[in-house]
Amino acid sequence: AQRVTQPEKLLSVFKGAPVELKCNYSYSGSPELFWYVQYSRQRLQLLLRHISRESIKGFTADLNKGETSFHLKKPFAQEEDSAMYYCALRTNQGGKLIFGQGTELSVKP
Amino acid sequence: GAVVSQHPSRVICKSGTSVKIECRSLDFQATTMFWYRQFPKKSLMLMATSNEGSKATYEQGVEKDKFLINHASLTLSTLTVTSAHPEDSSFYICSARRAVVSGANVLTFGAGSRLTVL
Numbered sequence: 001a002q003r004v005t006q007p008e009k010l011l012s013v014f015k016g017a018p019v020e021l022k023c024n025y026s027y028s029g030s031p032e033l034f035w036y037v038q039y040s041r042q043r044l045q046l047l048l049r050h051i052s053r054e055s056i057k058g059f060t061a062d063l064n065k066g067e068t069s070f071h072l073k074k075p076f077a078q079e080e081d082s083a084m085y086y087c088a089l090r091t092n093q094g095g096k097l098i099f100g101q102g103t104e105l106s107v108k109p
Numbered sequence: 001g002a003v004v005s006q007h008p009s010r011v012i013c014k015s016g017t018s019v020k021i022e023c024r025s026l027d028f029q030a031t032t033m034f035w036y037r038q039f040p041k042k043s044l045m046l047m048a049t050s051n052e053g054s055k056a057t058y059e060q061g062v063e064k065d066k067f068l069i070n071h072a073s074l075t076l077s078t079l080t081v082t083s084a085h086p087e088d089s090s091f092y093i094c095s096a097r098r099a100v101v102s103g104a105n106v107l108t109f110g111a112g113s114r115l116t117v118l
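Top line first, the protein sequences correspond to chains A and B.
Residues in the first sequence are numbered consecutively from 1, following my numbering.
Residues in the second sequence are numbered consecutively from 1, following my numbering.
Simulated from the structure, these hints should not be mistaken for lab results.
Source: prediction; values computed, not measured.
Errors might be hidden in some of the hints.
[Unchecked claim] List time: in silico BS3-like cross-link candidates among lysine-lysine, alpha-carbon distance up to 30 Å:
{"no.": "1", "chain 1": "A", "residue 1": "K22", "chain 2": "B", "residue 2": "K42"}
{"no.": "2", "chain 1": "B", "residue 1": "K14", "chain 2": "B", "residue 2": "K55"}
{"no.": "3", "chain 1": "B", "residue 1": "K41", "chain 2": "A", "residue 2": "K65"}
{"no.": "4", "chain 1": "A", "residue 1": "K22", "chain 2": "B", "residue 2": "K41"}
{"no.": "5", "chain 1": "A", "residue 1": "K22", "chain 2": "A", "residue 2": "K108"}
{"no.": "6", "chain 1": "B", "residue 1": "K14", "chain 2": "A", "residue 2": "K15"}
{"no.": "7", "chain 1": "A", "residue 1": "K65", "chain 2": "B", "residue 2": "K42"}
{"no.": "8", "chain 1": "A", "residue 1": "K65", "chain 2": "A", "residue 2": "K9"}
{"no.": "9", "chain 1": "B", "residue 1": "K14", "chain 2": "A", "residue 2": "K57"}
{"no.": "10", "chain 1": "B", "residue 1": "K41", "chain 2": "A", "residue 2": "K9"}
{"no.": "11", "chain 1": "B", "residue 1": "K14", "chain 2": "B", "residue 2": "K41"}
{"no.": "12", "chain 1": "B", "residue 1": "K64", "chain 2": "B", "residue 2": "K20"}
{"no.": "13", "chain 1": "A", "residue 1": "K22", "chain 2": "A", "residue 2": "K65"}
{"no.": "14", "chain 1": "A", "residue 1": "K73", "chain 2": "B", "residue 2": "K42"}
{"no.": "15", "chain 1": "B", "residue 1": "K42", "chain 2": "A", "residue 2": "K9"}
{"no.": "16", "chain 1": "A", "residue 1": "K57", "chain 2": "A", "residue 2": "K108"}
{"no.": "17", "chain 1": "A", "residue 1": "K57", "chain 2": "A", "residue 2": "K22"}
{"no.": "18", "chain 1": "B", "residue 1": "K42", "chain 2": "A", "residue 2": "K15"}
{"no.": "19", "chain 1": "A", "residue 1": "K108", "chain 2": "B", "residue 2": "K42"}
{"no.": "20", "chain 1": "B", "residue 1": "K42", "chain 2": "B", "residue 2": "K14"}
{"no.": "21", "chain 1": "B", "residue 1": "K20", "chain 2": "B", "residue 2": "K66"}
{"no.": "22", "chain 1": "A", "residue 1": "K73", "chain 2": "A", "residue 2": "K108"}
{"no.": "23", "chain 1": "A", "residue 1": "K57", "chain 2": "B", "residue 2": "K41"}
{"no.": "24", "chain 1": "B", "residue 1": "K14", "chain 2": "A", "residue 2": "K73"}
{"no.": "25", "chain 1": "B", "residue 1": "K64", "chain 2": "A", "residue 2": "K108"}
[Claimed, not checked] Some but not every residue of chain B turned toward chain A, in silico, with C-beta under 7 Å:
{"no.": "26", "residue": "L46"}
{"no.": "27", "residue": "T49"}
{"no.": "28", "residue": "A111"}
Note that CB positions come from ideal geometry on N, CA and C, so glycine has one too.
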């Protein structure tokens, strides 16, 4: 079955602390994974995708096929990082995205 | 950059009426659009995949006769909630797929449409 799991509903950290938002997936094929972010009152937008191996706004995510994980990390959280973060898996069935439940990141001053 | 526009952003209707939501890709052509439903503080649930010029593909458990999808052109897909009931009240989000230079397909999301059925 295709599934994306984000075990934490809410993650609260202080400014400057490291952040790790967990994402695990279940997919029989070759996965293509993404992180999307939704800031307050804004639309969902792409943060990063694993095939690019890029760092966006200080965030990175590495695909670990052995652990079927794609955790999102940032060494020093900023207040403006507060948002909802969704991990997503693209299937080979028409390219549809399956989303995780989302994790609300709250960065306190 | 690529922009997806949804209209209306908010709509209130009476139970039993039908409501149409439009999703437009403003500066690119989208052969495929996706419709999602988002519940408060919850994830996005994929409802259907809309392909230009063909019938939509619905996810399991989504009533195709209740949620009519039409993808009449490369820039427009519509979702019509027929005979709406209060339980259909939700936030509906569309996304359009575009190809980027790297060859990877990227989804661009609309701002969403909040439907309230009285």
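Against the structure, the hints:
1. Under the criterion of a C-alpha separation no larger than 30 Å, the hint pairing K22 (chain A) with K42 (chain B) is consistent with the structure, at around 16 Å.
2. Distance check on the hinted pair: K14 (chain B) and K55 (chain B) sit about 28 Å apart at the alpha-carbon level, within 30 Å; holds.
3. The suggested pairing of K41 (chain B) with K65 (chain A) holds, with an alpha-carbon distance near 29 Å, which does not exceed 30 Å.
4. Our distance criterion of 30 Å between C-alpha atoms is met by K22 (chain A) and K41 (chain B), whose separation comes to about 18 Å.
5. Under the criterion of a C-alpha separation no larger than 30 Å, the hint pairing K22 (chain A) with K108 (chain A) is consistent with the structure, at around 20 Å.
6. Simply put, K14 (chain B) and K15 (chain A) have alpha-carbon atoms about 46 Å apart, too far for the 30 Å limit, and the pair is violated.
7. Taking the CA atoms of K65 (chain A) and K42 (chain B), the gap is near 26 Å; set against the 30 Å cutoff, the hint holds.
8. Between K65 (chain A) and K9 (chain A) the CA atoms are separated by roughly 23 Å; this keeps the pair inside 30 Å, and the hint holds.
9. With a C-alpha separation of about 44 Å, the suggested pairing of K14 (chain B) with K57 (chain A) is violated against the 30 Å cut-off.
10. With a C-alpha separation of about 9 Å, the suggested pairing of K41 (chain B) with K9 (chain A) holds against the 30 Å cut-off.
11. Restraint check for K14 (chain B) and K41 (chain B): satisfied, since their Cα atoms lie roughly 25 Å apart, inside the 30 Å limit.
12. With a C-alpha separation of about 14 Å, the suggested pair K64 (chain B) and K20 (chain B) falls inside the 30 Å cut-off, and the hint holds.
13. Between K22 (chain A) and K65 (chain A) the CA atoms are separated by roughly 14 Å; this keeps the pair inside 30 Å, and the hint holds.
14. A threshold of 30 Å between alpha carbons decides the hint, and for K73 (chain A) with K42 (chain B) the separation of about 22 Å falls inside it, so the pair holds.
15. Taking the CA atoms of K42 (chain B) and K9 (chain A), the gap is about 9 Å. The hint holds against a cut of 30 Å.
16. Under the criterion of a C-alpha separation no larger than 30 Å, the hint pairing K57 (chain A) with K108 (chain A) is consistent with the structure, at around 18 Å.
17. For the hint linking K57 (chain A) to K22 (chain A), the alpha-carbon distance of about 18 Å falls within 30 Å, and the restraint holds.
18. At roughly 25 Å between alpha-carbon atoms, K42 (chain B) and K15 (chain A) fall within 30 Å of each other, so this suggested pair holds.
19. Distance restraint check for K108 (chain A) and K42 (chain B): the Cα-Cα separation of roughly 22 Å lies within the 30 Å cut-off, and the hinted pair is therefore satisfied.
20. Restraint check for K42 (chain B) and K14 (chain B): the C-alpha separation of about 25 Å stays at or below 30 Å, so the hint holds.
21. In summary, the hint linking K20 (chain B) to K66 (chain B) is supported, as the alpha carbons are separated by about 12 Å, within the 30 Å threshold.
22. Restraint check: the Cα-Cα separation between K73 (chain A) and K108 (chain A) comes to about 17 Å, which is no more than 30 Å; the hinted pair holds.
23. Between the alpha carbons of K57 (chain A) and K41 (chain B) the distance comes to roughly 24 Å, so the proposed pair stays at or under 30 Å and holds.
24. For the proposed pair K14 (chain B) and K73 (chain A), the alpha carbon gap of about 45 Å is over 30 Å, so the pair is violated.
25. A distance of roughly 44 Å separates the Cα atoms of K64 (chain B) and K108 (chain A); the hinted pair therefore is violated under the 30 Å criterion.
26. Annotation: L46 (chain B) was flagged as interfacial toward chain A, and the flag holds, the nearest CB pair being 6 Å apart, inside 7 Å.
27. Against a cut-off of 7 Å between C-beta atoms, the interface hint on T49 (chain B) holds, since the closest Cβ of chain A lies about 5 Å away.
28. Contact between A111 (chain B) and chain A, as hinted, is supported at the beta carbon level, the nearest pair being about 4 Å apart and thus within 7 Å.
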